[in-house]
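The task is simple: from the sequences and hints, build the whole structure.
Chain by chain, the residues run as shown.
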Amino acid sequence: MSEAAAAFESRATPLRAFLAILRRDVYVTANELPAFLAQVIMQPLFLLLVFGKILGSLGYTKPGYAQLLFPGLLSLTVVITSMQALAFPLVAEFGWTMEIEDRLLAPLPTALVAAEKVVFASLRAFVATALMLPIGILVLGSIPWVWSNTPLFLLMLVLGALLGSGIGLVMGTYVTPQRLNIMFSLVFTPLLFTGSSQYPWPSLSGLPWFQVITALNPMTYVSEGLRAALVPDVPHIDPLVCIAILLAALVVLFTLGVRGFYRRAIN
Amino acid sequence: MFVLGHLDLRVPNSTDQLAVSVVDLVKRYPKSPVNAVDGASFGVSPGEVFGLLGPNGAGKTTTVGVLTTRVRPTGGQAMVAGMDVTVDPVGVRRLLAVVPQRSNLDRSISIRNNLIFHAAYHGVAAAERGRRADELLEQFGLLERRDTKPDFFSGGQAQRIMIARALMHAPRVLFLDEPTTGLDPAARLFVWERLRELRDAGVTLLLTTHDMDEAAELADRVAIMDRGKLLAIDTPPALIRSLEGRQTLELAARPLNGRPPDDAIDLLGAMPQVEKVERISEPGAADLHIRLYLAGEAPKLVAPAASVLDGVGYLLTDVKLGTPTLEDVFIQLTGRMLR
Numbered sequence: 001m002s003e004a005a006a007a008f009e010s011r012a013t014p015l016r017a018f019l020a021i022l023r024r025d026v027y028v029t030a031n032e033l034p035a036f037l038a039q040v041i042m043q044p045l046f047l048l049l050v051f052g053k054i055l056g057s058l059g060y061t062k063p064g065y066a067q068l069l070f071p072g073l074l075s076l077t078v079v080i081t082s083m084q085a086l087a088f089p090l091v092a093e094f095g096w097t098m099e100i101e102d103r104l105l106a107p108l109p110t111a112l113v114a115a116e117k118v119v120f121a122s123l124r125a126f127v128a129t130a131l132m133l134p135i136g137i138l139v140l141g142s143i144p145w146v147w148s149n150t151p152l153f154l155l156m157l158v159l160g161a162l163l164g165s166g167i168g169l170v171m172g173t174y175v176t177p178q179r180l181n182i183m184f185s186l187v188f189t190p191l192l193f194t195g196s197s198q199y200p201w202p203s204l205s206g207l208p209w210f211q212v213i214t215a216l217n218p219m220t221y222v223s224e225g226l227r228a229a230l231v232p233d234v235p236h237i238d239p240l241v242c243i244a245i246l247l248a249a250l251v252v253l254f255t256l257g258v259r260g261f262y263r264r265a266i267n
Numbered sequence: 001m002f003v004l005g006h007l008d009l010r011v012p013n014s015t016d017q018l019a020v021s022v023v024d025l026v027k028r029y030p031k032s033p034v035n036a037v038d039g040a041s042f043g044v045s046p047g048e049v050f051g052l053l054g055p056n057g058a059g060k061t062t063t064v065g066v067l068t069t070r071v072r073p074t075g076g077q078a079m080v081a082g083m084d085v086t087v088d089p090v091g092v093r094r095l096l097a098v099v100p101q102r103s104n105l106d107r108s109i110s111i112r113n114n115l116i117f118h119a120a121y122h123g124v125a126a127a128e129r130g131r132r133a134d135e136l137l138e139q140f141g142l143l144e145r146r147d148t149k150p151d152f153f154s155g156g157q158a159q160r161i162m163i164a165r166a167l168m169h170a171p172r173v174l175f176l177d178e179p180t181t182g183l184d185p186a187a188r189l190f191v192w193e194r195l196r197e198l199r200d201a202g203v204t205l206l207l208t209t210h211d212m213d214e215a216a217e218l219a220d221r222v223a224i225m226d227r228g229k230l231l232a233i234d235t236p237p238a239l240i241r242s243l244e245g246r247q248t249l250e251l252a253a254r255p256l257n258g259r260p261p262d263d264a265i266d267l268l269g270a271m272p273q274v275e276k277v278e279r280i281s282e283p284g285a286a287d288l289h290i291r292l293y294l295a296g297e298a299p300k301l302v303a304p305a306a307s308v309l310d311g312v313g314y315l316l317t318d319v320k321l322g323t324p325t326l327e328d329v330f331i332q333l334t335g336r337m338l339r
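The listed protein sequences correspond, in order, to chains A and B.
Here the first sequence stands for residues 1 to 267, where the numbers follow the numbering used here.
Here the second sequence stands for residues 1 to 339, where the numbers follow the numbering used here.
Calculated from the structure, these hints are not laboratory results.
Be aware that a few hints might be false.
[Stated by the list, open to error] Pairs of lysine to aspartate or glutamate, EDC-like flavour, derived with a Cα cap of 20 Å:
1) Lys149(B) <-> Asp25(A)
2) Lys149(B) <-> Glu101(A)
3) Lys149(B) <-> Asp134(B)
4) Lys229(B) <-> Glu327(B)
5) Lys149(B) <-> Glu93(A)
6) Lys149(B) <-> Asp233(A)
7) Lys229(B) <-> Asp24(B)
8) Lys320(B) <-> Asp310(B)
9) Lys229(B) <-> Asp177(B)
10) Lys300(B) <-> Glu250(B)
11) Lys62(A) <-> Asp233(A)
12) Lys320(B) <-> Glu282(B)
Just so it is clear, the structure is predicted and the values come from calculations on it, not from any experiment.
Here is the structure:
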């Protein structure tokens, strides 16, 4: 038995454990693919259909609105998907299923268990966002795209996914299961509508109070950054400003989130 | 290896060869006025089965929490296989496995995958995982349902699955928190049998329990814990021998007519040789059921007790002579019942 133990020990490394935990999450998602797709696609799909297509066809929105809405919906998808993918399972795992214990007892630093959550939530968000591209083409006929801005587009997606998982990590570790629903309405709905996904931020200059509120929502900088990448002609916040503010937001969120994670993981 | 005949609370000097060593461990949770663990020290040798016995809230689970890197100690030192749990938690996690009190199985995947992913977290080679999982599931009588998800198993089965999972990475030290609490008698015997096999295979086991039968049945040595402190550490026979000469007398009696006065207990307690009277029946119940803890021999007290009971209007209906158990050791040490 001890010989076998020695053989096992030599192979146990933090990286191996990290990858195995990530593989477990991917495996579970792959087995629940229809549920995953429904969860991530329905909302942006209908927003795109109603705001981008239906309202436009009825003449209630100006021509071209769909083109500036699309980057906003990508921003919404990437942020909300990663937030949900992190916060919901985490609250359940720390709150009642205790499933996370087996991972916390795996041979890797506790911070890496949190990091895996962030990586996995981001992966889900990337898949969901990637799916929005063909859906956009299908619903709108065409989507805005500037090849030379692809690096900026990808960078904004990464920052958006990290932003969502950062918010999810803070929510998932500080919110008790009993308060999850109320917290979600308090965070989710405002995030959804003040993140400049349905309107470009500079166009709010006539509504200064709302412009201030939206400026406080870090998702605004993901939406604006994606607009800078996909529809550069639409007035938008300078992408460098977006990147700087998002990095600052990530530092705050991950400092709080990792601290919250440790608080829940180790008494 | 074991110190027999007297209560030895010392920690062996050479801590490096011990599977588990705890020195002056203190844990105080934030906002709590008292220490959950209050200066506990003990050592567990490799291959030993060590039981932490005590009532709920004694600090057993917290002690295990510290040893398994999930609770940060306030003071003192805790080592597993010579490694300090606060200095090298990752190294410690490689060598230990935990079977918790409540199921923490992964509900999204089959029980076989629970075992396989656990092994993957611990770096067991891919080829080895499936083979080992099937072997363990077979041994635990779960092979036929290996593709079922954990939600479809009873508490006793979940306990077995968790023990099987814990064994996937061949841990050097296995921690079990109340391994059979809430299980039916058959499931309990099954778990005991598996644990004995592990002991025979040389795995170090540290189990917490508030069940003295379980401690006496499984543990090579038992530490009696109460209010965060260890009161005694020894083999179960040695602990019981510390009560040598002490016997118990259990009496059941029925009121002859109407409801007799309650002073029967006081009168019995006043008899010579009686050290303590413990009421087993509910206060207010018509029938009396009590246990007397004696300094001398029980048979000699049966007749006097019968006449005392007769004097207050009780009819003696049953008599049981008892020898001390671990529970009596606990009562002797703390003045309280275990549960």
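Hint check results:
1. Between Lys149(B) and Asp25(A) the CA atoms are separated by roughly 16 Å; this keeps the pair inside 20 Å, and the hint holds.
2. For the hint linking Lys149(B) to Glu101(A), the alpha-carbon distance of about 18 Å falls within 20 Å, and the restraint holds.
3. Among the hinted pairs, Lys149(B) with Asp134(B) is consistent with the structure: their alpha-carbon atoms are about 15 Å apart, no more than 20 Å.
4. Between the alpha carbons of Lys229(B) and Glu327(B) the distance comes to roughly 17 Å, so the proposed pair stays at or under 20 Å and holds.
5. Taking the CA atoms of Lys149(B) and Glu93(A), the gap is about 16 Å. The hint holds against a cut of 20 Å.
6. For the hint linking Lys149(B) to Asp233(A), the alpha-carbon distance of about 53 Å lies beyond 20 Å, and the restraint is violated.
7. The suggested pairing of Lys229(B) with Asp24(B) holds, with an alpha-carbon distance near 10 Å, which does not exceed 20 Å.
8. The straight-line distance between the Cα atoms of Lys320(B) and Asp310(B) is roughly 18 Å, inside the 20 Å bound, and the hint therefore holds.
9. For the given pair, Lys229(B) sits about 18 Å from Asp177(B) by alpha-carbon distance, which is consistent with the 20 Å threshold.
10. Distance restraint check for Lys300(B) and Glu250(B): the Cα-Cα separation of roughly 13 Å lies within the 20 Å cut-off, and the hinted pair is therefore satisfied.
11. For the given pair, Lys62(A) sits about 16 Å from Asp233(A) by alpha-carbon distance, which is consistent with the 20 Å threshold.
12. Of the supplied pair hints, the one linking Lys320(B) and Glu282(B) holds, its CA atoms being roughly 19 Å apart against a limit of 20 Å.
Of the numbered hints stated above, the single one contradicted by the structure is hint 6.
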